[in-house]
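Spelled out from the first residue to the last, the chains are:
Number of protein chains: 2
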Amino acid sequence: MQRRSFIDKTAMAGVLGALAAPAAMAQAGTPAVKWRMSTSWPKSLDTMYGSAEHLCKRVAELTDGKFTIQCFAGGEIVPPPQNMEAVSNGTIEVNHVLASAFVGKNPALAFDTGLPFGLNARQHNAWMQYGGGMEATREMYKKMGITNFVCGNVGVQMGGWYRKQIKSVADLAGLKMRIGGIGGMVMSKLGAVPQQIPAADIYPSLEKGTIDAAEWIGPYDDAKLGLNKVAPFYYSPGWWEGSASITAQVNSKAWDALPAQYKAAFECACNEQTMKMIADYDNRNPEAIKKLVGSGAKLSYFPKPVMEAAFKASNELMNELAASNEDFKAMLPGWLKYRRDQASWFRVAEAELDNFTFANVTK
Amino acid sequence: MQRRSFIDKTAMAGVLGALAAPAAMAQAGTPAVKWRMSTSWPKSLDTMYGSAEHLCKRVAELTDGKFTIQCFAGGEIVPPPQNMEAVSNGTIEVNHVLASAFVGKNPALAFDTGLPFGLNARQHNAWMQYGGGMEATREMYKKMGITNFVCGNVGVQMGGWYRKQIKSVADLAGLKMRIGGIGGMVMSKLGAVPQQIPAADIYPSLEKGTIDAAEWIGPYDDAKLGLNKVAPFYYSPGWWEGSASITAQVNSKAWDALPAQYKAAFECACNEQTMKMIADYDNRNPEAIKKLVGSGAKLSYFPKPVMEAAFKASNELMNELAASNEDFKAMLPGWLKYRRDQASWFRVAEAELDNFTFANVTK
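Which chain is which? The protein sequence lines are A and X, in order.
The first sequence begins at 48 in my numbering and counts up by one.
The second sequence begins at 48 in my numbering and counts up by one.
So here's chain A without its partners, still in its complex pose (with noise of 0.2 Å):
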């Protein structure tokens, strides 16, 4: 393994051995590698872009500075729409974005970021880690030449920011909200009109009334954009996706060429930030939140029936989307039973007790 190939390479080093230590023989055939990394994060998303950083930080850290990675705000060397396809062709080694920013592309990448009612962030680890989830993820990125790696968690996102009161499903008729991707496939068919409008024209966007509604992520990033002067209705949860997990999409060529060594520190780093990111905004959601709340925000939850009509579309859409995509097909039967056997095991022990506490701890 990696072992051999420096006996090889310092064999044809030559002197170097009469000079030398051995770990500094093995080290000295360790090449320098330099990978971009293009984020979709403004670096005001500091969670995201800063989780970005850290995963940077670490490799270099792990390989005494020898495998770096520079680290790219959205559009500072590629606009986010085209992170993906970059990687692909070879342009930048790696991005780290939301894959299911890339559904129009394949809808079948949703299952690599999270589906309506889909899989917690535990559960979808477990999932990609232990479940089948990984190899079934990488076989739809194998034909773009494209090896993904789990590098962090958003978690349940909030439901998003509305001029009105969602009272019923008829309540988003003809509703014209910022919403992307799955979520915005599952809120047409409810009969709501889809937006897609960048971050900074959100506001604007809301103030004029030129959109009803908008969703963005959760309470620490919402705060940001400060839409509850011009939306205040907040709604939970943000049920199009059961856990946003965000990819580091690697090109496979630049990966296969990797010494063994770098691509354990590689691995092992996206792993961390797996944990870090989400711990991160575990932390950062309850304070962020209580601010929204007292600077007027109306929290609500989405009404059940809402909730009922939502759960019905999205499924009705993720069978569609079987129907008409390989990629959907294969992976969603799997997927289906992984979901309902893991809400069976976590009624049982952690949904009883966090239930219970959360109810008697904020009483």
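Watch out, some of these pointers could steer you wrong.
If several chains are the same, the list does not tell them apart, and a pair holds so long as it fits within one copy or across any two.
[Stated by the list, open to error] DMTMM-like cross-link-like pairs, simulated, lysine to aspartate or glutamate; straight-line CA separation at most 20 Å:
1. Lys300 x Glu186
2. Lys214 x Glu399
3. Lys384 x Glu108
4. Lys310 x Glu108
5. Lys351 x Asp93
6. Lys211 x Glu254
7. Lys345 x Glu334
8. Lys152 x Asp374
9. Lys345 x Glu399
10. Lys190 x Asp374
11. Lys189 x Glu132
12. Lys310 x Glu100
13. Lys189 x Glu314
14. Lys276 x Glu334
15. Lys384 x Glu363
16. Lys255 x Glu399
17. Lys376 x Glu182
18. Lys104 x Asp93
19. Lys190 x Glu355
20. Lys104 x Glu314
21. Lys410 x Asp388
Simulated from the structure, these hints should not be mistaken for lab results.
Mind docking chain X on chain A? Use the hints.
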């Protein structure tokens, strides 16, 4: 990109023909470090012991085999009850334990593992990584010459196996139950009589009626003991820990002596296992709970009055421990506030979507 890194390597080999490059010289100075890790697990607890092995393997991969940690099952080099002292006095460099096993020495160690009706696994990670928990627990460990790292989590455990049904708090009176630590102290307040017996003796003790009940871990690990045959009433949830976090306790002198690159490798590998161990459990438990129920386990939730009495007794106990222990006193107020804030936020999005989804996908 890839092409460029090959060019770098060739150029580097040329330079090395004449003189070792700075990176190689630096590496020549990197010492070989060998540590011994004593765990608290028999090898049959393959999820926990397996995670310890993965941790050691990863550290070796990340350091090109120069920092090696030999992993031992419980009792192979140190009896589990002495694992903490062995690190403290430098007999071994590191262990892999539930810190709560040592609450007899200092009850505040329970903050490092989990407390009754405490933080769930995600919340505990948030507290430890970003919410001040690491700093607070390290302050406590400093006095023992130990530096602590989170390196796994079991999640919410089950409430144990009982020979008879628990219909009310009165049914706990005089109940001889195998349960240790803080959970045992609360059970004692509820009238039960906690027993400390080794894992191997649980089955025969329940069979003979020497004890009436026993808690072990969760479905995957419990299934190996076959307790459903001798104590069929299987209760949930294991309220004595909001989650059970695994700790690597490292001898502080050994830690301080590590080169920065090895420190990064150890910390990153611990953080990776914090995500991976619970993913492994979450992946295995659904199948295990089905099998247990299929083999005669009678699954029930603890009755609400029992949960309420346990919650009240837990709060009393925590206040008592704070009154008699400085470390407990120092940590309790911040932890209680963190628990309340986390619970408030988790009720907004996570629990709301979990509850809806879990109920609907298992219909």
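Hint by hint, here is what the structure shows:
1. Lys300 x Glu186: within (16 Å within a copy, 46 Å between copies)
2. Lys214 x Glu399: Result: close only across copies, 18 Å inter versus 29 Å intra.
3. Lys384 x Glu108: neither (40 Å within a copy, 35 Å between copies)
4. Lys310 x Glu108: For Lys310 and Glu108, both the intra-copy (14 Å) and inter-copy (9 Å) Cα distances are at most 20 Å.
5. Lys351 x Asp93: Cα proximity of Lys351 and Asp93: none, with 34 Å in one copy and 42 Å across.
6. Lys211 x Glu254: Answer is within; shortest intra-copy Cα gap is 13 Å, inter-copy 63 Å.
7. Lys345 x Glu334: For Lys345 and Glu334, the Cα distance is within 20 Å only inside one copy (16 Å; across copies 42 Å).
8. Lys152 x Asp374: Answer is within: at 12 Å inside a copy they meet the 20 Å cutoff, but 55 Å across does not.
9. Lys345 x Glu399: For Lys345 and Glu399, only the inter-copy Cα distance (17 Å) is at most 20 Å; the intra-copy one is 28 Å.
10. Lys190 x Asp374: within (11 Å within a copy, 56 Å between copies)
11. Lys189 x Glu132: Within one copy only: 13 Å inside a chain, 50 Å across chains, cut-off 20 Å.
12. Lys310 x Glu100: both (18 Å within a copy, 19 Å between copies)
13. Lys189 x Glu314: within (18 Å within a copy, 32 Å between copies)
14. Lys276 x Glu334: within (18 Å within a copy, 48 Å between copies)
15. Lys384 x Glu363: within (16 Å within a copy, 43 Å between copies)
16. Lys255 x Glu399: So Lys255 and Glu399 fail the 20 Å test inside a copy (44 Å) and across (32 Å) alike.
17. Lys376 x Glu182: within (15 Å within a copy, 48 Å between copies)
18. Lys104 x Asp93: within (15 Å within a copy, 33 Å between copies)
19. Lys190 x Glu355: neither (36 Å within a copy, 55 Å between copies)
20. Lys104 x Glu314: both (13 Å within a copy, 14 Å between copies)
21. Lys410 x Asp388: between (32 Å within a copy, 12 Å between copies)
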